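Asker: The residues making up each chain are set out below.
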Amino acid sequence: MPDTFLFYVFSAVAVGASLLVIGQRNPMYSIMLLITSFGALSALYIQLDAPFVAMAQIIVYAGAIMVLFLFVVMLLNAPQEDAAQWDRTHPLRRPGMGRFGAMLAALLTVQLVWALLRVSDASAAVGARGDVAELTSVRSVGRVLFTDYVFAFEATSILILVAMVGAVVLAAREEKR
Amino acid sequence: MEQATLRFIIQLGIIGFTFFMLINASALLVLAERKIMGFMQQRYGPYLVGPHGVLQPLADILKLLFKEELRPKGADKWLFTLAPIISVTAAFAAFAAVPWGAETTFFGLLDTPVKLGVADVNVAVLVVFAITSMGVYGIVLAGWSSNSKYSLLGGLRSSAQMISYELAYATALASVIMLAGSLSLRSVVDAQAGYWFGFIPRWYLFLQPLGFIIYMIAGVAETNRAPFDFPEAEQELVAGYNTEYSSVRFALFPQAEYINMTTMSAVATDLYLGGWHGPLLERWGLGWVWFLIKVGIILFAYIWVRWTVPRYRYDQLMQFGWKWLFPAAVLNLIATAAFILYFNA
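The listed protein sequences correspond, in order, to chains U and S. Its first residue numbered 1, the first sequence is counted upward by one per residue in my numbering. Its first residue numbered 1, the second sequence is counted upward by one per residue in my numbering.
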């Protein structure tokens, strides 16, 4: 019973905060709300018996990536989006865009409904593979990451490395001129 | 009384005791810092309030309570209020996953032993790391919301510094986790029980001397203490991120800093110094006294360093973090992995 109650509390926080993220004009508030949403998500992971995933969520997303976001917003020093100018010039304000967005939203809704209808099959499959806590432990996550998914894992890290080198090269070139 | 009720009350008591000790730790550290600083600079330090000046922290806090609370005109109202709260909440919450004593029945009061510590989490190392990394938001938001260039620079420096030193810090942690084979701080401590050759305690300090040094350096940088106190470098930034704060809101920042220091020292004790294991006292069920002594020694070293080493330059800080500390931590990690593979294969 308290588990169900907590599930609804954290879900409400996650959904509410995510909705407010896109409703803010101040990017600083958006970032703080996104962090709140990540926190609520990680609480949901803990309820699913996956403490490692929950902590990874906090450390990687709320801890590292959002600090970088914050850093960028502070450096650009853009406390307020200029609403009037935004209305005039932003490409998203062109007439066809609203309809396109509505279409995307409808597509997403269909996908969500489809996924939710299949969710009982998926959970049955997980149950068949054994204990959930064992499945999400650091040991098994590590083992799967370095055996079954080792190519994807290494490819991703090389991709990130390339992006990083590229950013350094671009930044250094600008300095020289 | 029924066992379940008794257990609940004792569990609550342990949580309350931890909270009480943490609050007092920050007050004690203020006093210790000023006393040790006075000693090192050949002067008295505080000596007027109470015998030998021991009530000085109380006087400090009372003074701050009665001061006027100011907020700059262009400051962001919500974030300005929220920032010190985030700082101090993260500092307190991080300690929740730190165990500080062995299992005990309180001299036969309980049927089954309880664990001394707020919560026994099986990924405790990650919990402490995650929540401490949340503390940086307090500092960054304080810097940004004050609408002052000095505060902003302090906040920017803090986020850059935290990101840089978190890597070395986490890599040093990973070496110990590999040795112990567990992410739970309690199992890491229990893996350090006993002695080599009958007299050398089996502390990871002796297996991981480089890791310990890296952990301590990165820990000093993470808690923004001198010689890495760039977010509040007085000569350049007035007072850094907390320039515009006054009264109780201001007091929360140093309090968070002192509690973070305590957490850092407690985690170091659990990871490298064998936690509550030690001769004699442990046999009488007083292992947590050893824990307190070890934490106290590390905290003394913290203060000692602050009044001995001058502040680095900002570029030196970044250079040191990325070009020396992080590679050293990675080498330590690889060497540890090779060591484990060689001896356990």
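Rather than coming from a laboratory, the hints here were simulated on the basis of the structure. Values in this document were obtained by computation on a predicted structure and should not be read as measured data. Among the hints, a few may not be true.
To give an idea of the interface, some chain S residues facing chain U are shown, with a C-beta separation under 8 Å as derived from the structure [what the hints assert, rightly or not]:
(1) 118
(2) 122
(3) 127
Note that CB positions come from ideal geometry on N, CA and C, so glycine has one too.
Asker: Hints first: check each against the structure and report whether it holds.
Answerer: For each hint, the structure was consulted:
1. 118: 16 Å, violated
2. 122: For residue 122 of chain S, the interface hint holds, since the closest Cβ of chain U sits about 7 Å away, which is under 8 Å.
3. 127: 6 Å, holds
The structure does not agree with numbered hint 1 stated previously, though it agrees with all others.
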